[in-house]
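Trainee: Under the working numbering, read the sequence shown as residues 2 to 350, first letter to last.
Don't read these hints as lab results, they were simulated from the structure.
Just so it is clear, CB atoms sit at the ideal spot from N, CA and C, and this is done for glycine as well.
Check the hints yourself; a few may be wrong.
[Stated by the list, open to error] BS3-like cross-link-like pairs, simulated, lysine-lysine; straight-line CA separation at most 25 Å:
no., residue 1, residue 2
1, Lys-3, Lys-231
2, Lys-223, Lys-102
3, Lys-223, Lys-169
4, Lys-169, Lys-3
5, Lys-3, Lys-308
6, Lys-231, Lys-169
7, Lys-333, Lys-308
8, Lys-169, Lys-102
[To be verified] Restraint-style ranges between C-beta atoms, simulated for each label pair:
no., residue 1, residue 2, range
9, Phe-9, Asp-194, 34 to 42 Å
10, Glu-276, Ala-82, 34 to 42 Å
11, Gly-110, Leu-137, 26 to 34 Å
12, Glu-202, Glu-148, 36 to 44 Å
13, Pro-12, Glu-148, 36 to 44 Å
14, Asp-39, Tyr-321, 50 to 58 Å
15, Lys-231, Leu-11, 22 to 30 Å
16, Lys-169, Pro-46, 22 to 30 Å
17, Glu-276, Pro-51, 33 to 41 Å
18, Arg-203, Lys-231, 39 to 47 Å
19, Ala-252, Arg-92, 48 to 56 Å
20, Ile-37, Pro-103, 31 to 39 Å
21, His-41, Val-179, 25 to 33 Å
22, Phe-176, Thr-228, 17 to 25 Å
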Amino acid sequence: MKLSDFDFDLPDDRIALRPAVPRSSARLLVADRGTINDAHVYDLPDWLRPGDRLVLNDTQVIPARLTGQRRRSGAQGDTAARIELTLLEPRADGCWTGLIKPLKKIRPGETIHFTDALSAELVGVEEGQGIVRFNLAGGDFDAALEEAGQMPLPPYIASQRPADAQDKTDYQTVFARVPGAVAAPTASLHFDDALLAQLKERGVEFTHVTLHVGAGTFLPVKVEDVTTHKMHAEWGEVSEQAAAEIAATRASGGRVIPVGTTALRLIESAARGGEIAPWRGETDIFIYPGFEFHVTDALMTNFHLPKSTLLMLVSALIGYEEMRVIYGHAVKSGYRFFSYGDSSLLIPR
């Protein structure tokens with residue numbers, strides 16, 4: 002299985018830089034057991050059945066991108082350097098790991114000042130990532146980060162425009178409640194309160210799980226033999242209640258449909274014994290063709306990068322040849338791709 006098998010041509014104008022407004026007006030490609038249908042996300046209730054269960058990732062994206070100054074005094078006077086810090090994850094010792102640009106402009110022991118209230122000391126560097134200790138903790142840190150930080154837009158958006166105030170709403174799901182992600186579970190961005198109410202009225206049920214999406218989701222695959230690729234780890238939790246709800250749906254004949262690849266990877270991590278069970282920890286599960294699914298019956302997901310692990314996951318669920326047909330149709334029909342793009346509902350044969 003080669004990396005080149007998952008490549009395809011994507012015109013630049015297919016990459017969405019802003020989401021559809023309203024959220025549920027985005028287009029929805031429905032691949033239903035071998036047929037392809039063009040719809041919109043607000044049509045989702047028409048494609049689901051009473052008793053189906055949507056699994057939603059309730060992680061909350063933190064404004065993880067910070068811009069500040071390193072100030073240094075020397076024989077030739079005071080100097081300052083502009084430093085960008087993108088937070089990755091907290092550590093058990095109270096520090097954070099993060100990406101620092103330019104890393105060569107700052108030394109361990111020096112401080113980056115972001116606002117009058119918020120600063121961070123660089124305490125070390127490991128594997129090209131900075132380890133920083135903030136001057137604030139708890140609620141004070143959360144409030145200062147909310148004021149100083151910007152949403153960590155994906156690289157393919159950030160290279161085209163800076164994040165702005167609108168992104169703090171757009172790049173967050175309406176059911177986000179557990180802070181910790183540095184990337185959004187983007188399939189869930191299409192849901193608004195009206196759509197959730199319509200789905201509930203249809204008899205569709207909901208289960209919330211938490212997977213803190215990391216920046217590693219954007220890392221490219223660098224090996225030609227994809228089976229040798231090592232996935233990044235992300236923290237997640239399937240509660241006892243969530244596991245029980247998913248098990249009850251399967252027992253009653255309903256379909257379990259994760260919204261997004263993050264929710265799918267999490268519930269399949271919690272079901273490696275064959276049945277869903279409560280689970281908490283870090284998962285580096287890598288899903289590619291040949292994977293045995295234990296709890297996933299269908300998937301709602303956006304359209305993914307060429308050569309990405311997410312495209313491999315889609316192929317594992319829907320079939321490689323069908324993935325090629327679906328993506329060919331999406332490109333030809335003008336669907337918008339990636340985090341702010343359109344969505345798909347994939348129902349295997």
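Trainee: All the hints need checking, so say for each whether the structure fits it.
Mentor: So, going through the hints one by one against the coordinates:
{"no.": "1", "hint": "Lys-3 - Lys-231", "verdict": "holds (15 Å)"}
{"no.": "2", "hint": "Lys-223 - Lys-102", "verdict": "holds (23 Å)"}
{"no.": "3", "hint": "Lys-223 - Lys-169", "verdict": "violated (32 Å)"}
{"no.": "4", "hint": "Lys-169 - Lys-3", "verdict": "violated (38 Å)"}
{"no.": "5", "hint": "Lys-3 - Lys-308", "verdict": "holds (9 Å)"}
{"no.": "6", "hint": "Lys-231 - Lys-169", "verdict": "violated (31 Å)"}
{"no.": "7", "hint": "Lys-333 - Lys-308", "verdict": "holds (19 Å)"}
{"no.": "8", "hint": "Lys-169 - Lys-102", "verdict": "holds (22 Å)"}
{"no.": "9", "hint": "Phe-9 - Asp-194: 34 to 42 Å", "verdict": "holds (35 Å)"}
{"no.": "10", "hint": "Glu-276 - Ala-82: 34 to 42 Å", "verdict": "violated (54 Å)"}
{"no.": "11", "hint": "Gly-110 - Leu-137: 26 to 34 Å", "verdict": "violated (19 Å)"}
{"no.": "12", "hint": "Glu-202 - Glu-148: 36 to 44 Å", "verdict": "holds (39 Å)"}
{"no.": "13", "hint": "Pro-12 - Glu-148: 36 to 44 Å", "verdict": "holds (38 Å)"}
{"no.": "14", "hint": "Asp-39 - Tyr-321: 50 to 58 Å", "verdict": "violated (22 Å)"}
{"no.": "15", "hint": "Lys-231 - Leu-11: 22 to 30 Å", "verdict": "holds (25 Å)"}
{"no.": "16", "hint": "Lys-169 - Pro-46: 22 to 30 Å", "verdict": "holds (29 Å)"}
{"no.": "17", "hint": "Glu-276 - Pro-51: 33 to 41 Å", "verdict": "violated (24 Å)"}
{"no.": "18", "hint": "Arg-203 - Lys-231: 39 to 47 Å", "verdict": "holds (41 Å)"}
{"no.": "19", "hint": "Ala-252 - Arg-92: 48 to 56 Å", "verdict": "violated (40 Å)"}
{"no.": "20", "hint": "Ile-37 - Pro-103: 31 to 39 Å", "verdict": "violated (46 Å)"}
{"no.": "21", "hint": "His-41 - Val-179: 25 to 33 Å", "verdict": "holds (29 Å)"}
{"no.": "22", "hint": "Phe-176 - Thr-228: 17 to 25 Å", "verdict": "violated (35 Å)"}
In summary, the structure is inconsistent with hints 3, 4, 6, 10, 11, 14, 17, 19, 20, 22 from the numbered list given earlier, while agreeing with the others.
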